[in-house]
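Peer 1: If you want the building blocks of each chain, they are given just below.
Number of protein chains: 2
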Amino acid sequence: MTTTALGEQDAALVKGVLAHERRALAKTITLLESTRADHRERGRQVLEALLPHSGKSIRIGISGVPGVGKSTFIEALGMLLIGRGHRVAVLAIDPSSSISGGSILGDKTRMEQLSMRDEAFIRPSPSAGSLGGVADKTREAMLACEAAGFDIVIVETVGVGQSETEVAGMTDVFVLLQLPNAGDDLQAIKKGIVELADVVVFNKADIDLRATEMAVAQMQSALALLHPATQHWKVPVLKISATRGDGIDLFWQTIDGYRQSMESHGAIAARRRQQALAWMWHLIESGLHQRFNDNPGVKHALPALAQAVQAGTITPSAAARQLLNY
Amino acid sequence: MTTTALGEQDAALVKGVLAHERRALAKTITLLESTRADHRERGRQVLEALLPHSGKSIRIGISGVPGVGKSTFIEALGMLLIGRGHRVAVLAIDPSSSISGGSILGDKTRMEQLSMRDEAFIRPSPSAGSLGGVADKTREAMLACEAAGFDIVIVETVGVGQSETEVAGMTDVFVLLQLPNAGDDLQAIKKGIVELADVVVFNKADIDLRATEMAVAQMQSALALLHPATQHWKVPVLKISATRGDGIDLFWQTIDGYRQSMESHGAIAARRRQQALAWMWHLIESGLHQRFNDNPGVKHALPALAQAVQAGTITPSAAARQLLNY
Ligand SMILES: Nc1nc2c(ncn2[C@@H]2O[C@H](COP(=O)(O)OP(=O)(O)O)[C@@H](O)[C@H]2O)c(=O)[nH]1
Ligand SMILES: Nc1nc2c(ncn2[C@@H]2O[C@H](COP(=O)(O)OP(=O)(O)O)[C@@H](O)[C@H]2O)c(=O)[nH]1
Ligand SMILES: [Mg+2]
Ligand SMILES: [Mg+2]
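Read top to bottom, the protein sequences are chains Z and D.
Residue numbering for the first sequence follows this note's numbering, beginning at 2 and increasing consecutively.
Residue numbering for the second sequence follows this note's numbering, beginning at 2 and increasing consecutively.
A portion of the hints provided could be inaccurate.
If several chains are the same, the list does not tell them apart, and a pair holds so long as it fits within one copy or across any two.
[Stated by the list, open to error] Below, in silico cross-link-like pairs of lysine to any residue (SDA-like), each with a Cα-Cα straight-line distance of 20 angstroms or less: (1) K57 to Q311; (2) K16 to H228; (3) K28 to L226; (4) K192 to S222; (5) K300 to W282; (6) K235 to R260; (7) K192 to R292; (8) K235 to P53; (9) K16 to P304; (10) K57 to T314; (11) K300 to R273; (12) K57 to R111; (13) K16 to P53; (14) K192 to G170; (15) K57 to A212; (16) K300 to A279; (17) K235 to L19.
None of these hints come from the bench; they were simulated from the model.
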């Protein structure tokens, strides 16, 4: 929490971001994502200076299986929003990127129109994961985007691992994009994603409208059981066609209605407070775990103890106690 | 892992357990569950001496919502097994017991016949939770039961919190007891319990046979999507009536078939190795977390930092980094 005077270069960066310069924003995010400790420290300081200017966007999480149409949908939505005078940042969390080095979400080509617009900023998932992993970087990048004047931040994630929970944990509204087939529904229910959703959207309604309407009705009854409506919000289930642009307008009306309803009783601010705290705890857990694994005593004793636990010659508790004593 | 010579009293306890004396077993479990550190240490030593004699039972986990009929089912199953010459221990994990001090599972009265038999040992959930909580105690009690010659150990849990995952993580076969209604199904799917199940059983088939058969069929198709059959096992869906005793015999045939299929390719031993290791890691996480929370520097700084994180004046990462430095 020590506020150091910024170097000249970094002061310029802060000024650039606050002046809505895209290059300054990109540079800042690159610092935040850097694997070099000195760069990250500079990134941290720049972010600290930007922090008072962040928080003024609506943060939208969009999740769904690969191929559901996230990129197509975000492009259509982004173009509509730009047309209405908004500035839209799109960030991606792709858990696979830290493994493959590449990014299946970062295919800018998919958002051909949007990526050419000055009012849009599209940033693929960082490929390196430090404390807290990719999601922590995205969280910080989001704050920088807000300081750069983007009033809508869309965080896209593919449904792998913990990424939906992470994205729901950093956005004001979490949207689940679904395909109109029962397998997709069950997977989403099983993984607990339906429970996270504030809005459910069935895409590709153009292919089979009746099947889509059935899927909508089924999801509505599942939601009635799984996700009881609160006083202020009942999760709506929409149908769209991202390629044709059908339903995008109504989707935005829904998001706007959500925002108004939530803001009217302070629920967005409350959600953000709770999210920030939960994220801090998540990072603490990761940090404790990492430190434990790096402990030389643990490193030395672990293999034999793990072996003994597996062989049943020592109980898991006894082994855990011994390891915790290093 | 230090093997201390046992005191006279504790040596007698070990001898008693190995001689299948119920009182010695009960006393050992009481030591393991004690809130007194010296008792727990004695329990640890007794358990260590018993460890080479443990592991020879089949471990069955049974889970389901309150009222589904777990106690009724276990009583019927237990009596059937005793009739066939088995010795049956029933342990309960009730996450609510550590809060209420009581135990909604520990109603011995519900297993009236079974509890009167010498070949059965029924132990309610311990009410105190130390490192690893109630589940850790149950895990240790299970090992003691095995050393006392119980060749079937049933671990019962009510579907609350993480308890199903914990029970599935300490048993050879995890049985999900369901009610034949869609709400129950969806809850189980949502909570990821269906995915844990090796066998699904619909109880109370006597009330509405047709509804039960529909529920069985629906669960079968859900399982086909959620829990693909492995080479060695396809999750069966059974229907029973615990009060009438219908289907209990077939249930046991199913469990026996499971055991044979799994044992034939070493899958039970492999599962136990993996479970023991996972449990060690779980205990390590709890221990690290507890130590962090007990750190005086953390205790002192946490309130203000948590406040700042919630207010958005410091990022979660910066706060986490600072706290991890204490
Ligand atoms: N028929 C139809 N195809 C769509 C729709 N939305 C997306 N697609 C197609 O689905 C494929 C995957 O879309 P994409 O946006 O890359 O999905 P993502 O993996 O979720 O980002 C592409 O071939 C799209 O053209 C839609 O509304 N209708
Ligand atoms: N009709 C019917 N009632 C049952 C059956 N099994 C249990 N019950 C009743 O359901 C209630 C709850 O049973 P219990 O075994 O205590 O459920 P638990 O909370 O899961 O242990 C009791 O009133 C039982 O008599 C069954 O197969 N058929
Ligand atoms: Mg995409
Ligand atoms: Mg009961």
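Peer 1: Which constraints among the numbered hints does this structure fail? Numbers only, ascending.
Peer 2: Of the numbered hints, 2, 3, 7, 8, 9, 11, 12, 15 and 17 do not hold.
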